[in-house]
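Trainee: Sequence:
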Amino acid sequence: VDGVWLAGAGSETNLTAGGGYYFLSVTQGWTGRVTPGFASGGFQPAYRDYSAVSEDQPDQDYGWSPAPVISGQVRHQYTDEGVAGVTISFSGGQGVAVTTNGGWYNHAVAYDWSGTATPGYTGGSFTSIPSRSYTHVIEDQAGQDYIWTPPEPVISGRITLLDTGGGVTGVVVVFSGGAGSVTSVAGG
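Quick note: the sequence shown, position 187, residue 1219 per the numbering used here, numbers continuous.
Don't take every hint at face value.
Said to hold, decoys possible - FRET-style restraints, in silico, Cβ to Cβ:
hint: 1; residue 1: Thr1181; residue 2: Val1214; range: 46 to 52 angstroms
hint: 2; residue 1: Gly1134; residue 2: Trp1096; range: 30 to 36 angstroms
hint: 3; residue 1: Val1130; residue 2: Ala1218; range: 41 to 47 angstroms
hint: 4; residue 1: Gly1210; residue 2: Thr1167; range: 17 to 23 angstroms
hint: 5; residue 1: Pro1077; residue 2: Thr1167; range: 15 to 21 angstroms
hint: 6; residue 1: Gly1127; residue 2: Ser1097; range: 15 to 21 angstroms
No lab work stands behind these hints: they were computed from the structure. The beta carbon of each residue, even a glycine, is placed where N, CA and C say it ideally should be.
Model the full structure from these sequences, guided by the hints.
Mentor: Here it is as structure tokens:
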């Protein structure tokens, strides 16, 4: 990977080039830590410690991985259709993803991120999975789906006298299927 910087206290800073190769000049007997860095992603190992360097240290390689992506779909509990406009908030300053048409989202997080992803939407809830926790994410996490349960539907109306249109108080309206009943209030 070209463009990675490597630095160690008391040594020069160098950028990788020509296929990811680097070299750092240090003084005879140097002791310190070399740490690679890049705009995103992470390294294995994250750094290397050296003690009293007195000769060349070849093959001091680092493996780089791009920033991992967390992705999934938010679906409607009853229709199984994707829900657009749901926000997925990632803790620790990792930002927010918003689902597209079809309910899909994908979001890159910092390499080795640990935290929580929490969906949010106007009305309803995410009762089956209200949030997801992640620990040391170093690779993509696909299939991180959520189910959105819409708020309970409301049936409403007014009871009126046919001849005057005035409201009628005290009328009991019964719903079948065990849904209960309600009584009209002042004004119908």
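Trainee: For each hint, tell me whether it holds in the structure or not.
Mentor: How the hints compare with the structure:
1. Checked against the given bound of 46 to 52 angstroms, the beta carbons of threonine 1181 and valine 1214, roughly 23 angstroms apart, lie outside it.
2. Between glycine 1134 and tryptophan 1096 the CB atoms are about 32 angstroms apart, so this pair conforms to the stated range of 30 to 36 angstroms.
3. With their beta carbons about 44 angstroms apart, valine 1130 and alanine 1218 fall inside the hinted range of 41 to 47 angstroms.
4. As the Cβ distance of glycine 1210 to threonine 1167 is approximately 44 angstroms, the hint placing it in 17 to 23 angstroms is violated.
5. Here the CB-CB span from proline 1077 to threonine 1167 is close to 19 angstroms, well matched to the stated 15 to 21 angstroms.
6. At about 19 angstroms, the CB distance of glycine 1127 to serine 1097 agrees with the hint of 15 to 21 angstroms.
When the structure is compared with the earlier hints, violations turn up for hints 1 and 4 and for no others.
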